[in-house]
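Asks: Sequence:
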Amino acid sequence: MTIDFTGMYASHDAFRRDLIRLADAVDDGRAHAVPVRAGWENFKRQLHIHHTTEDTGLWPRVRERAAGRPRDLALLDEMEEEHSRIDPLLAAVDTGLADRSPELPYLVRALTVTLDDHLKHEEDSALPLIQEVLTDADWAAFTGSLRRTQGLRGAALFVPWIVDGVPPADRATFLDTLPAPARVLNRLFWEGGYRRRGIWARA
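Residue numbering for the sequence shown follows this note's numbering, beginning at 6 and increasing consecutively.
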């Protein structure tokens with residue numbers, strides 16, 4: 006069977022979207038507004054969960070299945086090395102925000118380029134490898150780890166964050182991957198709570 010990467014692509018797109026919003030806020034002089042800082046803090050949390058779960062629950066499993074395949078093992082080394090390059094850039098943006106540094110636009114740009122390069126590398130090379138060597142059960146174990154790490158409270162933020170501002174067709178595609186109770190909770194409670202937080206709001 007074919008592994009469904011809908012959630013992975015949706016997460017990647019949400020990371021890209023948030024960095025565009027951060028860059029726009031910096032350009033407009035809104036970087037220190039409460040909604041922008043809330044968006045940045047959520048971005049960091051979601052990226053930490055995403056990358057930590059990959060490092061602990063995905064890449065080791067793929068590495069085991071790719072044993073004896075030097076090129077594929079080298080790719081996994083690259084994935085982990087790319088993760089390690091992102092954390093210092095997150096810290097640099099944090100410092101730039103705190104210090105109101107004139108270098109902030111360049112720091113955000115460096116983070117954006119580095120993360121986007123990593124996400125594209127993962128999409129173009131690592132996901133096809135995952136499709137080749139993992140089973141549906143392997144992938145379910147990884148996504149289950151993500152759900153356990155988020156917990157119900159985390160899901161109440163994660164789900165509406167993913168679909169924030171996305172086209173209706175993409176929104177429906179992502180929501181269709183969720184269990185029915187999660188879709189109901191999102192419709193009745195989670196999206197309203199997310200909107201009240203005003204994350205990334207301009208006013």
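Where hints are given, some of them may not hold.
With a cut-off of at most 20 angstroms between alpha-carbon atoms, the simulated SDA-like pairs for lysine to any residue come out as follows [claimed, not checked]:
| hint | residue 1 | residue 2 |
| --- | --- | --- |
| 1 | 125 | 22 |
| 2 | 49 | 138 |
| 3 | 49 | 73 |
| 4 | 49 | 21 |
| 5 | 125 | 201 |
Estimated spans, in silico, between C-beta atoms of each pair [to be verified]:
| hint | residue 1 | residue 2 | range |
| --- | --- | --- | --- |
| 6 | 206 | 141 | 35 to 41 angstroms |
| 7 | 198 | 153 | 19 to 25 angstroms |
| 8 | 192 | 70 | 23 to 29 angstroms |
| 9 | 76 | 111 | 30 to 36 angstroms |
| 10 | 157 | 35 | 47 to 53 angstroms |
| 11 | 70 | 126 | 18 to 24 angstroms |
Think of the hints as simulated: they come from the structure by calculation, not from any bench. Backbone N, C-alpha and C define an ideal beta-carbon position, used for all residues, glycine too.
Asks: All the hints need checking, so say for each whether the structure fits it.
Replies: Consistency of the hints with the structure:
With a C-alpha separation of about 14 angstroms, the suggested pairing of residue 125 with residue 22 holds against the 20 angstroms cut-off. Restraint check: the Cα-Cα separation between residue 49 and residue 138 comes to about 30 angstroms, which exceeds 20 angstroms; the hinted pair is violated. As the CA atoms of residue 49 and residue 73 are separated by approximately 35 angstroms, the hinted pair breaks the 20 angstroms bound. Taking the CA atoms of residue 49 and residue 21, the gap is near 12 angstroms; set against the 20 angstroms cutoff, the hint holds.
The straight-line distance between the Cα atoms of residue 125 and residue 201 is roughly 33 angstroms, outside the 20 angstroms bound, and the hint therefore fails. Distance hint check: the CB atoms of residue 206 and residue 141 are about 39 angstroms apart, consistent with the given range 35 to 41 angstroms. Between residue 198 and residue 153 the C-beta distance comes to about 21 angstroms, which sits within the given range of 19 to 25 angstroms. The hinted range of 23 to 29 angstroms is not satisfied by residue 192 and residue 70, whose Cβ atoms lie roughly 38 angstroms apart.
For residue 76 and residue 111, the hinted distance range of 30 to 36 angstroms is satisfied, since their beta carbons lie about 35 angstroms from each other. One distance hint, 47 to 53 angstroms for the beta-carbon pair residue 157 and residue 35, is violated here, with the actual separation near 32 angstroms. Against the hinted window of 18 to 24 angstroms, the Cβ-Cβ separation of residue 70 and residue 126 comes to about 19 angstroms, which satisfies the hint.
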